[in-house]
Amino acid sequence: MKFILNYIRKDEWSPYVAGVLLGLVGIAAVWASDSLLGASGAFENIAGMIGKAVAPAAFDNMYFNFIMPPGITYGVMLVVGIFFGGLIGAATSGTLKWGKKDSANSDEQWKRVFGQQTWKRWGLAFIGAIVLEYAAGIAGGCTSGLAISGGMLLAPAAFLFIAGMFAGGIPTAWLIYGKRF
Amino acid sequence: MLNFILALVLGVFFGFSLNKAGLTKYSKIVNVYRFTDMTVLKFMMTALVVSMSGLYTLRGLGLITFPNVPATYIVGNLVGGVIFGFGMALSGYCPGTAAAGAGEGKLDYLIPGLLGFLTGAVIYGLTYDKVFPQISALANYGNTIIPEIWNINPFLFILAFSLISLLLFYLIERVGWQREEKVME
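Top to bottom, those sequences are chains A and B.
Per our numbering, numbering of the first sequence is gapless, rising by one per residue and ending at 181.
Per our numbering, numbering of the second sequence is gapless, rising by one per residue and ending at 1185.
Do not rely on the hints blindly, as some may be mistaken.
[What the hints assert, rightly or not] SDA-like, lysine to any residue: derived pairs with alpha carbons at most 20 Å apart:
#: 1; chain 1: A; residue 1: Lys179; chain 2: B; residue 2: Lys1182
#: 2; chain 1: A; residue 1: Lys120; chain 2: B; residue 2: Ser1027
#: 3; chain 1: A; residue 1: Lys101; chain 2: B; residue 2: Leu1110
#: 4; chain 1: A; residue 1: Lys100; chain 2: A; residue 2: Gln116
#: 5; chain 1: A; residue 1: Lys111; chain 2: B; residue 2: Thr1036
#: 6; chain 1: B; residue 1: Lys1130; chain 2: A; residue 2: Ala57
#: 7; chain 1: A; residue 1: Lys10; chain 2: B; residue 2: Ser1027
#: 8; chain 1: A; residue 1: Lys52; chain 2: B; residue 2: Tyr1128
#: 9; chain 1: B; residue 1: Lys1130; chain 2: A; residue 2: Met62
#: 10; chain 1: B; residue 1: Lys1182; chain 2: A; residue 2: Arg180
#: 11; chain 1: B; residue 1: Lys1130; chain 2: A; residue 2: Asn61
#: 12; chain 1: B; residue 1: Lys1130; chain 2: A; residue 2: Asn65
#: 13; chain 1: A; residue 1: Lys101; chain 2: B; residue 2: Ile1111
#: 14; chain 1: B; residue 1: Lys1130; chain 2: A; residue 2: Ala58
#: 15; chain 1: B; residue 1: Lys1182; chain 2: A; residue 2: Leu175
#: 16; chain 1: A; residue 1: Lys52; chain 2: B; residue 2: Thr1127
#: 17; chain 1: B; residue 1: Lys1182; chain 2: A; residue 2: Phe181
#: 18; chain 1: A; residue 1: Lys100; chain 2: B; residue 2: Leu1110
#: 19; chain 1: B; residue 1: Lys1182; chain 2: A; residue 2: Asp107
#: 20; chain 1: A; residue 1: Lys52; chain 2: B; residue 2: Leu1126
#: 21; chain 1: B; residue 1: Lys1182; chain 2: A; residue 2: Gln109
#: 22; chain 1: A; residue 1: Lys179; chain 2: B; residue 2: Glu1180
#: 23; chain 1: A; residue 1: Lys179; chain 2: B; residue 2: Ser1027
#: 24; chain 1: A; residue 1: Lys52; chain 2: B; residue 2: Asp1129
#: 25; chain 1: B; residue 1: Lys1130; chain 2: A; residue 2: Ile67
#: 26; chain 1: A; residue 1: Lys120; chain 2: B; residue 2: Leu1110
#: 27; chain 1: A; residue 1: Lys120; chain 2: B; residue 2: Thr1119
#: 28; chain 1: B; residue 1: Lys1182; chain 2: A; residue 2: Val113
No lab work stands behind these hints, which were simulated from the structure alone.
Work out the full structure, taking the sequences as your base and the hints as a guide.
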């Protein structure tokens, strides 16, 4: 029992142990609620909500009316849960960043490679996030909604997506890191 | 309502596992593409082995049916994946890990992450009809699964996938299929 509690308090688990937990969550999603895990779709639902409130005419199209209707969906609740899961995880290991001095950018590797400027980190992260969401739309899901959820059902789409991820990620990291790659 | 509570609970465990795997760190995500830390691959492949074994066993026992399988359209899945990999290496997150990192109080996850995803979602939603119908029409196989198109027993595929994963884990952990982090002055 003490061992388990101590393990939960660790900052980082073995990726194999954490992976088993994610696998069980994936099974539970299908078993208990006949649904798949996913994250990128939730942002489409929220974007539609905001868009329809601010500029209803522009957002009155097929996508926001029928494909990804706005609203608080199952996917949105899942992402809210993920938020709190991260919070609880960090709380158990005492690594929460709320109110900490380095909360704007806490990654040592980033600072070593790119410097201390927060705007640089935020700028690249913002562009990256736009790209991620758009790409998830084209591919039909993100790492959770397509790679994990599709992969566990043995959908070819998932394995094509994972191959693509590496084909895009490796040259990008190589370009960004240059000599440090 | 019950389904919403379930989503919340499942999300908590999902986010918790992302935090404990260390994927809410920029370096963990980008380093898989530099081959200096293969955590992302170990985590994902373990999750896949567990979930595919469990789901096909439960379905074999008649306890569950599968929800809508994500559609396969080769060009879109691949091209989307390539662009997604570019975004991952640039930001060091993906939509799920960004949500978990935001919960931890990392403001570089919460603010540019949330704003970026919403911006991307708006751009996608407004250009959807000019992009998606065309790209998803190319080499479209619909909601298919590998056992169907290859006409093989799913458990045989799962066994092969598990053995390949174990071999890969062995090569990474024991044979050292991982590059050393470069020390720069």
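Going down the list of hints, with the structure as the test:
no. : hint                   : verdict
1   : Lys179(A) / Lys1182(B) : holds (9 Å)
2   : Lys120(A) / Ser1027(B) : holds (16 Å)
3   : Lys101(A) / Leu1110(B) : holds (16 Å)
4   : Lys100(A) / Gln116(A)  : holds (16 Å)
5   : Lys111(A) / Thr1036(B) : holds (17 Å)
6   : Lys1130(B) / Ala57(A)  : holds (18 Å)
7   : Lys10(A) / Ser1027(B)  : holds (18 Å)
8   : Lys52(A) / Tyr1128(B)  : holds (16 Å)
9   : Lys1130(B) / Met62(A)  : holds (11 Å)
10  : Lys1182(B) / Arg180(A) : holds (6 Å)
11  : Lys1130(B) / Asn61(A)  : holds (12 Å)
12  : Lys1130(B) / Asn65(A)  : holds (16 Å)
13  : Lys101(A) / Ile1111(B) : holds (16 Å)
14  : Lys1130(B) / Ala58(A)  : holds (15 Å)
15  : Lys1182(B) / Leu175(A) : holds (16 Å)
16  : Lys52(A) / Thr1127(B)  : holds (16 Å)
17  : Lys1182(B) / Phe181(A) : holds (8 Å)
18  : Lys100(A) / Leu1110(B) : holds (14 Å)
19  : Lys1182(B) / Asp107(A) : holds (17 Å)
20  : Lys52(A) / Leu1126(B)  : holds (12 Å)
21  : Lys1182(B) / Gln109(A) : holds (11 Å)
22  : Lys179(A) / Glu1180(B) : holds (14 Å)
23  : Lys179(A) / Ser1027(B) : holds (17 Å)
24  : Lys52(A) / Asp1129(B)  : holds (18 Å)
25  : Lys1130(B) / Ile67(A)  : holds (14 Å)
26  : Lys120(A) / Leu1110(B) : holds (16 Å)
27  : Lys120(A) / Thr1119(B) : holds (19 Å)
28  : Lys1182(B) / Val113(A) : holds (11 Å)
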